[in-house]
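Participant: Mind docking chain B on chain R? Use the hints.
Each protein sequence line maps, in turn, to chains R and B. Quick note, the first sequence lines up with residues 1 to 39 if you use our numbering. Quick note, the second sequence lines up with residues 1 to 496 if you use our numbering.
Keep in mind the hints are simulated off the structure, nothing from the lab. Among the clues, some could well be false.
Mimicking PhoX-like on lysine-lysine, the simulated pairs with C-alpha atoms at most 25 Å apart in a straight line are [said to hold, decoys possible]: (1) R/K29 x B/K415; (2) B/K261 x R/K29; (3) B/K33 x B/K264; (4) B/K267 x R/K29; (5) R/K29 x B/K264.
DEER-style ranges, computed between Cβ atoms [what the hints assert, rightly or not]: (6) B/E230 x R/F22: 29 to 35 Å; (7) B/Q219 x R/L10: 19 to 25 Å; (8) B/A298 x R/L14: 30 to 36 Å; (9) B/C466 x R/L10: 35 to 41 Å.
Sample of chain B residues facing chain R (criterion: CB under 7 Å; computed from the structure) [claimed, not checked]: (10) T88; (11) Y207; (12) I210; (13) I223; (14) G278.
Just so it is clear, CB atoms sit at the ideal spot from N, CA and C, and this is done for glycine as well.
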Amino acid sequence: MFWSIFLQSLFLILAIVIAGRFIAAMLSKSAGGKNNGSA
Amino acid sequence: MDYPLLIGVLAYELVVIVGLGVWLQRRHSVQAKDEFALAGRDLPVPVVAVTLALTVLGTAHILGVFEMTWMMGAVAVWFSIAHVILLTFVCLGTGVWVRRLGVITVPELLNRTSGLETRLLVSCVMAGVLFGVLTVEAQGIGIIFATLTDWNIQTGAIVGGVLGILYVIFAGMREIGWVNLVNATVMYAGLILATVFIAFSLPEGGYAAIGEYYRSTDQSSAISIWGTPELMVNFAIVNIVAVVFSQSVSQMLLQPAMSAKSEKTIKQALWIAAPINGLFGVFAVVLALAARAQPEYAALDDAPKIGAATMLVETLPPWLGAILLASFLAAILSTFAIICLSIATIFAKDIFQALYVPNASENTMKMVIRIVIIIVASIAIAVASLLPPILAAMIWLFAWLVPVFCILMSGILWKRHQGVAITTLIVAWIANAAWSFSALPQALGFESAGSYNAYVTAIVSMIMICIGNLAVRGRPGLFCENGLPANADSSRQGAI
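Excised from the complex, chain R in its bound form (with noise of 0.2 Å):
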């Protein structure tokens, strides 16, 4: 019981971490293009 709970729980916050640092680079990535444009 306790290694299923820690291993579940340590791969979703791992896949929070890593997807909120994808959509940040994305956003990132995308306001960047935005300015060059717009400069």
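Facilitator: Same frame as chain R, now just chain B:
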């Protein structure tokens, strides 16, 4: 409780807190800009990470997760997962933005998006909300002492409050950061040792037998972090919305981000902060499930509140109980200390300096912050002795910050207009008070106010902002006008 060991715990806390505090104060005697409030903006990755993680790991985590697990099962781990999502949002979004813009307080950022009056309004309310949370943390410290010793809650709150003041009074943010680093290590050592020890003290099969007990009694959902679909909707998602909307613009969580050496420091800190905060919930959930499966603890009066703590006290040897006491204390003290510092920083920067002494020196600001820390901590300890209800207080208090989040996002990403911002704040705050203290929920068909305050303030704020922004001509959002501002790691842009 073995008193020599209790004295040992208190001695440990004093040596770490005072020792590190005095050492850091001497080492950084040359006054860098914003040294006391923001550690001169040069904190490294491990310190920022641990401070972010421990700032939002306080009374609600320690006392609340045991109780929530008892009632709902392992799905209670979503309380911690919601904080992981919050930390992700802060380390990749709001935390990076405040570091880039070089502000010292969240109300100062509101000054740029929505004007001075909005800044003053929010600084008063945010300081008030943080003070409310501080009283809850002071009560949590008292309860931890009362559970593991024969002290009453009031005595525990006073002793803990003094430790909390010492946690920040010598070297401000730098002291909080480095003491956190040491305490986080002790905290995890205590948690891991306690979990292992409980495993060996359980009936044949350890945690596997506990899992088998739940499966054989048709309670399989209690040992799954996904619980049931109803619990995912009514508990997990509610927590994510409430935590992310209300805390991602809170001064107490953004002040460590403002103190980071660079934006990259904050982004890297996420890799450490997320597991430190999130896995704490895992250990708490497992311990509570183990207690709930044992008839002697399940049969206790008020078992959800005291079952897990009673199992720990009765099962663990005194030395391990002492380490656990030190680890729980460390977690709550860190939250207590940074809330004191946040309130004092808001008062010093947004009221004292912004309105009365614009040219205040670094030493004057440091003195003001120290005085306010001592005053607010003392009042909070006094209020804590009245024992306000913990979870209800948290839900109501954090809902006050939801409209601040909404107007800040609008001011940064959409449109800036002071009238819309102030109207939104006032209407949302009235709605929050009406939801808790009038018959409004019943009039709308709800049984009680429940824990929906964050939803109410979020919906009201969004409606007000949408109508207001569409109806008036405001300036473009802060990041819409010229795009994202340039990276300002080494210099503070703009002033009060």
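Participant: Next, verify each hint and record whether it holds.
Facilitator: Each hint, compared with the structure:
{"no.": "1", "hint": "R/K29 x B/K415", "verdict": "holds (22 Å)"}
{"no.": "2", "hint": "B/K261 x R/K29", "verdict": "holds (23 Å)"}
{"no.": "3", "hint": "B/K33 x B/K264", "verdict": "holds (21 Å)"}
{"no.": "4", "hint": "B/K267 x R/K29", "verdict": "holds (16 Å)"}
{"no.": "5", "hint": "R/K29 x B/K264", "verdict": "holds (16 Å)"}
{"no.": "6", "hint": "B/E230 x R/F22: 29 to 35 Å", "verdict": "holds (30 Å)"}
{"no.": "7", "hint": "B/Q219 x R/L10: 19 to 25 Å", "verdict": "holds (24 Å)"}
{"no.": "8", "hint": "B/A298 x R/L14: 30 to 36 Å", "verdict": "holds (34 Å)"}
{"no.": "9", "hint": "B/C466 x R/L10: 35 to 41 Å", "verdict": "holds (39 Å)"}
{"no.": "10", "hint": "T88", "verdict": "holds (4 Å)"}
{"no.": "11", "hint": "Y207", "verdict": "holds (4 Å)"}
{"no.": "12", "hint": "I210", "verdict": "holds (6 Å)"}
{"no.": "13", "hint": "I223", "verdict": "holds (5 Å)"}
{"no.": "14", "hint": "G278", "verdict": "holds (4 Å)"}
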